[in-house]
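**Student:** Spelled out, the chains give:
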Amino acid sequence: MAKTVKKGILYIVLILLAVICMVPFLLMLVNATRSGREIMTSFTLIPGSSLKENWDAVFGFFNLFLGLWNSFKVAVPATILTSYFSALTAYALAVYKFKGKNVIFYTIVIFMMIPGQLSLIGFYNLISKLKLIDSYLPLIIPAIAAPGTVFFLKQYLESVLPMALLEAARIDGAREISIFHKIVFPIMVPGVATMAIGGFIGNWNAYLIPLLLLNTPKKFTLPVMIASLNASKDIGTNQGAIYMALAVSIVPILIVFCFCSKYIISSISAGSVKE
Amino acid sequence: MAVSNTVARPKKKKNYNNMAYVFVLPFVVVFLIFSVYPVFRTLQLSFANYKGFGDVDYIGFKNYIRVLQDKYFWTALLNTVKIWGVNIVLQLAIAFLLTIAFSDIKFKIKGLGFFRAVYYLPNIIAATSVAFLFKTLLDWRYGTINQILAKFGVNEPINWLGQPVTARLSISLIQTWMWFGNSFIMLMAGVQGINKDYFEAASIDGAGRWKSFFYITLPLLRPILLYVTITSLIGGIQMFDLPFLMGTVNGEPLGATQTAIMYLYKFGFATRPKQVGYASAIAYILFLMILIISVIQFKVMNRKED
Chain A
1 MAKTVKKGIL
11 YIVLILLAVI
21 CMVPFLLMLV
31 NATRSGREIM
41 TSFTLIPGSS
51 LKENWDAVFG
61 FFNLFLGLWN
71 SFKVAVPATI
81 LTSYFSALTA
91 YALAVYKFKG
101 KNVIFYTIVI
111 FMMIPGQLSL
121 IGFYNLISKL
131 KLIDSYLPLI
141 IPAIAAPGTV
151 FFLKQYLESV
161 LPMALLEAAR
171 IDGAREISIF
181 HKIVFPIMVP
191 GVATMAIGGF
201 IGNWNAYLIP
211 LLLLNTPKKF
221 TLPVMIASLN
231 ASKDIGTNQG
241 AIYMALAVSI
251 VPILIVFCFC
261 SKYIISSISA
271 GSVKE
Chain B
1 MAVSNTVARP
11 KKKKNYNNMA
21 YVFVLPFVVV
31 FLIFSVYPVF
41 RTLQLSFANY
51 KGFGDVDYIG
61 FKNYIRVLQD
71 KYFWTALLNT
81 VKIWGVNIVL
91 QLAIAFLLTI
101 AFSDIKFKIK
111 GLGFFRAVYY
121 LPNIIAATSV
131 AFLFKTLLDW
141 RYGTINQILA
151 KFGVNEPINW
161 LGQPVTARLS
171 ISLIQTWMWF
181 GNSFIMLMAG
191 VQGINKDYFE
201 AASIDGAGRW
211 KSFFYITLPL
221 LRPILLYVTI
231 TSLIGGIQMF
241 DLPFLMGTVN
251 GEPLGATQTA
261 IMYLYKFGFA
271 TRPKQVGYAS
281 AIAYILFLMI
291 LIISVIQFKV
301 MNRKED
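Protein chains in written order, with the numbering used here: chain A, 1 to 275; chain B, 1 to 306.
Note that these hints are calculated values from the structure, not bench results.
No experiment lies behind these values; they were computed from the predicted model shown.
Ideal Cβ positions, reconstructed from N, Cα and C, are used throughout, including at glycine.
Keep in mind that a hint or two might mislead.
Unchecked claim - Stretch by stretch, here's where chain A covers chain B in the computed footprint (C-beta under 8 Å, at least three residues):
no.	stretch
1	232-238
2	276-285
Said to hold, decoys possible - A few chain B residues facing chain A, derived, Cβ under 8 Å:
no.	residue
3	19
4	39
5	126
6	152
7	153
8	290
To be verified - The calculated EDC-like cross-link candidates involving lysine to aspartate or glutamate, where the alpha carbons are at most 20 Å apart (straight line), are:
no.	chain 1	residue 1	chain 2	residue 2
9	A	129	B	200
10	B	151	A	56
11	A	131	B	55
12	A	129	B	252
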């Protein structure tokens, strides 16, 4: 009896915590349908009728779909580059014996522990010397070298790749690069997918570096565009429009999350087990 | 036969292994240019007086001395530590309680997959959107949160973001909201890696829930706890998006929410003319602090109990 009561209380607490996680988004969605005046005067969970007005106010101020598209143009190539080249590098480090292998590996480990902001000044300085300010290239190309992903995939590969398979392929006369493409990469897919999802979210949400590098409003990625709400007087006072803008920025990622939360969560668990 | 083997083998092997250079080349080139070079360039600039254009005058350790004597830097660092500290304590406490609840062999709580996903949800949203969402919800006069509180009898609206203590607390709580799910998933993954026999044996020996937590779960989770705390610390010292967007670069109100990286950003990017050398010195001092704390933390938490 006491156990059932305790269990019941526990469930209530767990559900309450889940509600706390979701309520801010719910309030956002409801408020996105209400007028600025309604939001300022009272609180309700019943949707209002100002959806269209808020939508027009937001898109009259900036084109958020352009921001979505820009974020897409940065995050997708960056994720593909990270996935492919990290897998390739991890393969080289896990399978071959070559001079400098340990140097590369230990440098990777050290750089995993160096906070990114440390090199912010040097990075910006480099990009301006290369005349790449206001270009997407410095947001995409550096994704080729992702130390954390290489580290994880190397450990992953060492635990899943049967070396005999490589020998067999070599005897059949396969070239090293096609062994990677046709045999090793397919085996790595679960590990790569795990890292790719994490990498995509990171790129999609990145704010500081795009803020520093992009000057032209038309090139702004979604987070930079959302942050420009701060500078606007006419939309900044219209809470309905603010909630609408936030909803447009958040709902796509919520939908993605509904479909691949399993993979996202397994990627975090993997991160903790690698230690 | 033996002879032909020794002749043929090394030749072939050498061939395979040389391909590795081709495979690692793209990584190494990009890594050297975009990761390694900026770290050393920042170090070089930290010894210079540089406006972001024109001449680079080397001035030795002057920037470092100035950082150490700059009371605003220390205030910013202290703000960062306060915001991070409240957050990490709450975050780990909640994550631990959840881990205990979900790993309890008597309760057998259902729906781990669902709860895990929901608890993690706030973490995937961009900090920029989260910042604006809460900035608007927490608005002093017209915010929804004060309206809800009014329904529960809190009639005096709380100026969340307008007073130093509540502004920092709000940011801490938002960070906790964003990160407790992440810590919970990591701790839970660790617990699931613990052999169930330990708990069975402890239970047979008459150990209760809390005893088996303190004597089995906690010691075995130590490496993961260390990992979570260190990564949180490194992330915490780099805190920028939330306080920057919820206040201004100067950390309104009264500089209470200005974090160390916001202070770095101010000199490196926002002031005119920029003080790039000074910002670089701030970066390196922060790095040294992270390094020292990580080493101490590692030593303390990895200490073997005898």
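**Student:** The structure should be examined with respect to each hint, and the outcome stated for every one.
**Tutor:** We went through each hint and held it up to the structure:
Under a criterion of three residues with beta carbons nearer than 8 Å to beta carbons of chain A, the stated coverage of the stretch 232-238 of chain B is upheld, 3 such residues being counted. Here the stretch 276-285 of chain B counts 5 residues with a CB under 8 Å from a CB of chain A, which clears the bar of 3, and the coverage holds. Satisfaction of the interface hint for residue 19(B) is found here, the shortest Cβ-Cβ separation to chain A being roughly 4 Å, below the 8 Å cut-off. Because the beta carbon of residue 39(B) sits about 5 Å from the nearest beta carbon in chain A, less than 8 Å, this interface hint is met.
Interface restraint check: residue 126(B) against chain A, minimum CB-CB distance 4 Å, threshold 8 Å, status holds. At its closest, the beta carbon of residue 152(B) sits 11 Å from a beta carbon of chain A; the interface hint therefore is violated under the 8 Å criterion. Because the closest C-beta pair between residue 153(B) and chain A is about 14 Å apart, greater than 8 Å, the hint is violated. Nearest Cβ of chain A to the Cβ of residue 290(B): about 6 Å, under the 8 Å cut. The hint holds.
Proposed proximity of residue 129(A) and residue 200(B) is contradicted: the alpha carbons are some 63 Å apart, above 20 Å. Among the hinted pairs, residue 151(B) with residue 56(A) is inconsistent with the structure: their alpha-carbon atoms are about 32 Å apart, more than 20 Å. Among the hinted pairs, residue 131(A) with residue 55(B) is consistent with the structure: their alpha-carbon atoms are about 18 Å apart, no more than 20 Å. For the proposed pair residue 129(A) and residue 252(B), the alpha carbon gap of about 34 Å is over 20 Å, so the pair is violated.
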